[in-house]
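Spelled out from the first residue to the last, the chains are:
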Amino acid sequence: MSAPEEPEAKGFVASRRTVLALGAVAASTVVTVRPALAQTAGSIMACEIPVPGPHAAGSYIASDGTTVPPGTPGAAPPLSRPLTGEEAKVLLRGSTPPGVSPQAAQAYANYIRRLQAGMSGFTCYASLQMPR
Amino acid sequence: MAAPRYIAEPAETLAVARLDGLCALFHEPSGATHIVAPPAPEILDALREGAADAATLLERLAARFEVEDEAGADAIAARLAELEAAGLVRRA
Amino acid sequence: MRHQVSLRIGPVGFRVGSAWRAPVAALAALYAGYPAPEDGIADFTVRLEPTRPWRRWTRPSIAIRGDFELPDAAPMALAHGLLAAEMGMNLQMALGQRFWLLLHAATVEKDGRALILTGESGAGKSTLAALLGERGWRLMGDEFALLDPASGRLHAFPRAISLKNGAIDVMAAEVDAARFGPLLEGTPKGAIRHLRPNAEAIRRMDEPARPALLLFPRFGQAAAARAVGQAETFMRLTQASTNYVALGRAGFDALTRLVATPAAAIDYPDTATALDLVEALWTGASEWRAAA
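Protein chains in written order, with my numbering: chain A, 62 to 193; chain B, 2 to 93; chain C, 3 to 294.
Bear in mind the hints are in silico, worked out from the structure with no lab data behind them.
Note that the structure is predicted; figures quoted are calculated from it, not measured.
In this text, a Cβ means the ideal position worked out from N, Cα and C, and glycines have one as well.
It is possible that part of the hints are untrue.
Stated by the list, open to error - Just so you have them, the derived chain C footprint on chain A, three or more residues with Cβ under 8 Å:
#1 107 to 117
#2 130 to 137
To be verified - Here are the computed lysine to any residue pairs in the SDA-like style, where the Cα-Cα straight-line distance is at most 25 Å:
#3 Lys166/C <-> Gly146/A
#4 Lys191/C <-> Ser162/A
#5 Lys150/A <-> Ile43/C
#6 Lys150/A <-> Pro111/A
#7 Lys166/C <-> Gly12/C
#8 Lys112/C <-> Asp269/C
#9 Lys150/A <-> Gly192/C
#10 Lys150/A <-> Ser162/A
#11 Lys166/C <-> Glu148/A
So here's chain A without its partners, still in its complex pose:
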């Protein structure tokens, strides 16, 4: 790989060497490409997030977003139908949708944030994160 700037005086015998700037300590010189599947797939179809997913059907949602046995004190009940992408965005913003208590809203929001690859609703969540 060659250095970025060419010597100014090409016609002369080069006594000046090419300049190399090292960059500020806090600078960023390496950018890694991140896959964009979620964005493009998300732009292709409307998505939904079941709360909780089928793997934990019937479980309640604790305030930190983990799934807990039904009736656990302080935990929010499962949602009767999956959230749409728009509804998920509202929760992730910290807002409380109508018909839901603020504590439940926070529990559901944390559940969404805890979704990982392979779980139902993950690609929906990931597509919501991508800038449009």
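Based on the hints, put chains B and C in the right spot on chain A.
For chains B and C alone, coordinates are given in the frame of chain A:
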């Protein structure tokens, strides 16, 4: 405590493309693509002379180029940390 | 499946099966004049299935299934069956395509050279491409550009153009009503209507083209154009590709080669201005080529 020494990923593992002043690198073993700005590519080249810490790299670079900065070894150390996070260099 | 239709779009053959007749009938009508898959063999299958067995009849609800699926996809109403079929085909390409490097872009061709319009959804790429297709350019596609990693040439993939809201009226004023699919209202993206590419685009769908100009259009700003550097273009294109990572080294080589193509970002307040900007930049790019 001795400063860490680094080795660069071998040249054969990287495909390189110059893109107006920057370099796009494809790292075959990881399948990852990185875009790197100077002095990152020059540091990778200089590491291929052998494992080195930031101070040694500064000497190697100064031997080849007119190095501009006061920050010197600190800047190199910061670059090495970035390259390590990207998987393009690792500790010897 | 009960009902099905097979068709070829550029180099890709699809078989679309459905539990209901209506979506397949609408798809066949929209793609009238398109060839069948080569040797009758489809590359991808899409299946429109009821979300539960009884949802075939009661409040019919379509689950989009196929060779490749997204488990989080929201089900669709039967009234939007044509849209479900189109989304299903998009999904097969986005998840399953491994030969062509795919870019989310609209492409048009003139004199064997391709103009690629890429960028965020809602920037108006489909509408611009549709209009250019009626003004002396050949439409190669409005959703996906197919780049051959080995040769660097773009191959046409002329799907029905997906027009949303205001764009529907713009094109209705320009083209024969027979080329339109049904008006679909209340979809997740508002009102949608599909437009079949014109006869020339269909007839010439097997002709590739060399990339000659990359544009990043942005709607809603005063007219402006600026050159975009290769590194920035490369980065933007990795985000516009659904399969760059999956293609590995071949993807890297294809994209680094593509960014040698001149690139510009354009802002436009209305489509007339956009079309002028496009023609001006195209002429400019031709002059750079002639001088080189």
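Now the hints, each set against the structure:
| no. | hint | in the structure |
| --- | --- | --- |
| 1 | 107 to 117 | holds (count 4) |
| 2 | 130 to 137 | violated (count 0) |
| 3 | Lys166/C <-> Gly146/A | holds, 20 Å |
| 4 | Lys191/C <-> Ser162/A | violated, 30 Å |
| 5 | Lys150/A <-> Ile43/C | violated, 42 Å |
| 6 | Lys150/A <-> Pro111/A | holds, 14 Å |
| 7 | Lys166/C <-> Gly12/C | holds, 24 Å |
| 8 | Lys112/C <-> Asp269/C | holds, 23 Å |
| 9 | Lys150/A <-> Gly192/C | holds, 18 Å |
| 10 | Lys150/A <-> Ser162/A | holds, 17 Å |
| 11 | Lys166/C <-> Glu148/A | holds, 23 Å |
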